[in-house]
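> We have chain A; now place chain B with the ligand onto it with these hints.
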Amino acid sequence: MKDLVGIKELSKDKIKLILDTASSFKDVLKRDIKKVPALRGKTVVNLFFEPSTRTKTSFELAEKRLSMDVLNFSVPTSSVVKGESLFDTIKTIEAYGVDFIVIRHSSSGAPHFIARNVDASVINAGDGINEHPTQALLDAFSILERKGSLKGLNIAIVGDILHSRVAKSNIYLLSKFGANIRLIGPPTLVPEMTDYHIDVFYEMDEGLKDADVIMMLRIQMERQGKGFFPSTLEYFKNWGLDMRRLKLAKKDAIVMHPGPMNRGIEISSDVADSEQSIILEQVTNGLAVRMAVMYLLKKESENA
Amino acid sequence: MHNSILIKNGHIIDPSQGIDSIGDILIEDRKIKEVRLQPNKRQGEVKVKGQIINADGLYVFPGIVDMHAHLREPGFEYKETIKTGTMAALKGGITSVCCMPNTNPVNDNRTVTEFILKKAYAEGSCYVYPIGAITKGQKGEELAEMGLMYEAGCIAFSDDGRPVVSTLLMRRALEYSKALNVPIISHCEDISLSDSGTMNEGSLSTKMGLKGITYAAEDIMVARDIILSELTGGKLHIAHVSTEGSVRLIREAKKRGINVTAETCPHYFTITEDAVANYNTNAKVNPPLRTQRDIEAIKEGLKDGTIDVIATDHAPHHGDEKLQEFDKAPSGISGFETAFSLSLKLVHDGVLSISQLIEKMSYTPARILGINAGTLKVGSQADLTIVDMNKEFKVEATKFLSKGKNTPFEGWILKGTSVMTICRGKVFDCQSFIGG
Ligand SMILES: [Zn+2]
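Residue numbers (full-length UniProt numbering), protein chains in the order written: chain A, 1 to 304; chain B, 1 to 436.
Warning: the hint list may mix true and false statements.
Stated by the list, open to error - Cross-link-like lysine to aspartate or glutamate pairs, in silico, EDC-like; alpha carbons within 16 Å at most:
(1) B/426 / B/28
(2) A/250 / A/205
(3) B/211 / A/192
(4) A/34 / A/60
(5) A/209 / A/242
(6) B/322 / A/88
(7) B/328 / A/88
(8) B/49 / B/34
(9) A/250 / A/210
(10) B/255 / B/230
(11) B/322 / A/84
(12) A/91 / B/320
(13) A/2 / A/119
(14) A/226 / B/349
(15) A/35 / A/13
(16) A/147 / A/252
(17) B/328 / A/252
(18) A/237 / A/275
(19) B/119 / B/145
(20) A/250 / A/275
(21) B/415 / B/396
Source of the hints: derived by calculation from the structure; they are not laboratory data.
Here the structure is a predicted model, which means the values were calculated and not measured.
Extracted from the complex, chain A is given alone in its bound form (with noise of 0.2 Å):
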């Protein structure tokens, strides 16, 4: 495997290699000195196209502590805003032979086309509404941690799914493993996915019974306005997680989400900071995941 552009493409062994690698690099991550040199003298590029704190962070730490050789490439001084188009900006990039591409950008197959013109490794950080592929690994890693296994689970997930390259991973990952996936949202954020064992609930406390993991997706707050659901405040009325409806689900239930949180918004303070939560190990966990990642590509690629 030179890349992983996505989950959809990725088998059902190769995930539980990920997985499994990702392990021993947690492992590592608890160390005093964190750094290995399993990658040392490869360099990895960093292309965002789009901003993102928190993923780009998680990636070139995950790149430091395998001690490669780092390159942000910071897209507004960049040639790209002058027109240059996204091939020439990666044929550039190749020539200074770089090992790894990391790239997030907002249409969608971008990871996708750029794979098949380079000869580098490329790793989907997030594409447009597609997939983020990194981050259904390490929520597939915090489920397993605390569940033990995938088969049979009911997970619900709730809310802008349309939009959500992190539900649409998680969507193919869990249903590789046999999870029972349900989605909750308003009508409009929930989109056809006729090809996938799902169940579809516009009723959050209908859809919140008896589920063992609840993946609360971000709102973003440019879609208010554009007609997808009125306010706010009428969203978290109905599909905002707050304490009763946390009730409803499994008693060990636990709650996950991607990040940045909308507190009040999606999410009510209460549920985000509760025994329930899992969202900072998720955090945790997306470095030893991306760091297993970035080891086995590099290994399968050499071994090519």
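Relative to the frame of chain A, chain B with the ligand by itself:
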């Protein structure tokens, strides 16, 4: 006797006269001088001094009249020119090309129309019929000078590429065009509903993370324009039909006697939305490729006469423009050189008879537009194409004469192709360009 050509023993199909028979065609001074069918052979051999083409085992059809194409000149000569476009057309068996007005400047005034016609006369290989814009600058605000453009040579009006959003303006266009008795060709898309989508909306668009365009965006506009056509009595022609719903609406409208005609393009009955999987920008078109169900409905519409015409919607783009993120790449297929062979599949598959196909590709579009083409009647222009129905060839974009190499059919093996096209009295050998 100068400049005469005799085509011998071809299987002549001419729906305009109901001809489906082996025979000879004599061309003199760019006109059909004589059509002699086999049962009348005892009239004796036609004697000529000019060129003799042996069409034994081949078919002879009136040249294709493509009522929907983009030649890109003026303004986008890096994508295509009238010179390269018309050469590509001839290779595809097309002898008349109607070009859409979305050039730069827009063909919304007689000066641009005259420029296109002069250029076509000087550098073109086949006939070019400009289609004028309905509104100035295709902005959808004011009617363009249709009368003056008509006088200059425009044969229809369209804002193709975008719909006329204002229902009032569309009503006026349909009303006003009645004075000229020309069709208004409508690009049916409710853009507030398609909302910058880039492929068909459905399970696949969700899976690819691409914003979809629902079939309803087309159907709603088709319904609106049919209602306006009924109200005004104007000649409405629906461009590039891609949905089951459009077919149904047009069928009903025709039954009720409304003045509406419709076209579709080979890609809409040949490939589905699956062609854009892996973000293949060469399969990005507008309206987008739809589903198998839509394909079946379109075939049914072709069969029962709901869809009158097959056009190419030849839309060449530069390679760099397609080498982009899917949502940023422009829409369109370079269609001249594959359209006829792809359409022949309808005959091979028993959807249409060969006569019906030729009618939809030559005679009917000529009739809708009121142009003198699409027939082999004695005295008419000798525009025709000679076809080997069994010749197989591989689609290779690098061999296209069009500057546009954007095709989703790369590598396909197609059966049946023009081997020779005659237009403006000149014989064009298609094969020397196919490498056959
Ligand atoms: Zn159009």
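> All hints are to be evaluated individually against the structure, with a verdict given for each.
Do the hints match the structure? See the list:
1. A threshold of 16 Å between alpha carbons decides the hint, and for residue 426 of chain B with residue 28 of chain B the separation of about 11 Å falls inside it, so the pair holds.
2. A distance of roughly 13 Å separates the Cα atoms of residue 250 of chain A and residue 205 of chain A; the hinted pair therefore holds under the 16 Å criterion.
3. For the suggested pair residue 211 of chain B and residue 192 of chain A, the alpha carbons sit about 12 Å apart, so the restraint of at most 16 Å is met.
4. A hinted pair counts as satisfied when its Cα atoms are at most 16 Å apart, and residue 34 of chain A with residue 60 of chain A qualifies at roughly 14 Å.
5. Of the pairs offered as hints, the one joining residue 209 of chain A and residue 242 of chain A holds, with about 14 Å between alpha carbons and a cut-off of 16 Å not exceeded.
6. For the hint pairing residue 322 of chain B with residue 88 of chain A, the CA-to-CA distance comes to about 13 Å; that is within 16 Å, so the pair holds.
7. Only pairs whose Cα atoms come within 16 Å are accepted, and residue 328 of chain B paired with residue 88 of chain A is accepted, the gap being roughly 15 Å.
8. Between residue 49 of chain B and residue 34 of chain B, the direct Cα distance comes to roughly 15 Å. Compliance with the 16 Å bound is thereby established for this hinted pair.
9. At most 16 Å may separate the alpha-carbon atoms for a hinted pair to count; residue 250 of chain A and residue 210 of chain A meet this at roughly 5 Å.
10. Restraint check: the Cα-Cα separation between residue 255 of chain B and residue 230 of chain B comes to about 12 Å, which is no more than 16 Å; the hinted pair holds.
11. The suggested pairing of residue 322 of chain B with residue 84 of chain A holds, with an alpha-carbon distance near 14 Å, which does not exceed 16 Å.
12. With a CA separation close to 14 Å, the supplied pair residue 91 of chain A and residue 320 of chain B stays within the 16 Å bound.
13. Restraint check: the Cα-Cα separation between residue 2 of chain A and residue 119 of chain A comes to about 8 Å, which is no more than 16 Å; the hinted pair holds.
14. For the hint linking residue 226 of chain A to residue 349 of chain B, the alpha-carbon distance of about 47 Å lies beyond 16 Å, and the restraint is violated.
15. For the suggested pair residue 35 of chain A and residue 13 of chain A, the alpha carbons sit about 27 Å apart, so the restraint of at most 16 Å is broken.
16. A threshold of 16 Å between alpha carbons decides the hint, and for residue 147 of chain A with residue 252 of chain A the separation of about 10 Å falls inside it, so the pair holds.
17. At most 16 Å may separate the alpha-carbon atoms for a hinted pair to count; residue 328 of chain B and residue 252 of chain A exceed this at roughly 46 Å.
18. Of the supplied pair hints, the one linking residue 237 of chain A and residue 275 of chain A is violated, its CA atoms being roughly 23 Å apart against a limit of 16 Å.
19. Simply put, residue 119 of chain B and residue 145 of chain B have alpha-carbon atoms about 21 Å apart, too far for the 16 Å limit, and the pair is violated.
20. For the proposed pair residue 250 of chain A and residue 275 of chain A, the alpha carbon gap of about 14 Å is at most 16 Å, so the pair holds.
21. For the hint linking residue 415 of chain B to residue 396 of chain B, the alpha-carbon distance of about 14 Å falls within 16 Å, and the restraint holds.
The structure does not agree with the numbered hints 14, 15, 17, 18 and 19 stated previously, though it agrees with the rest.
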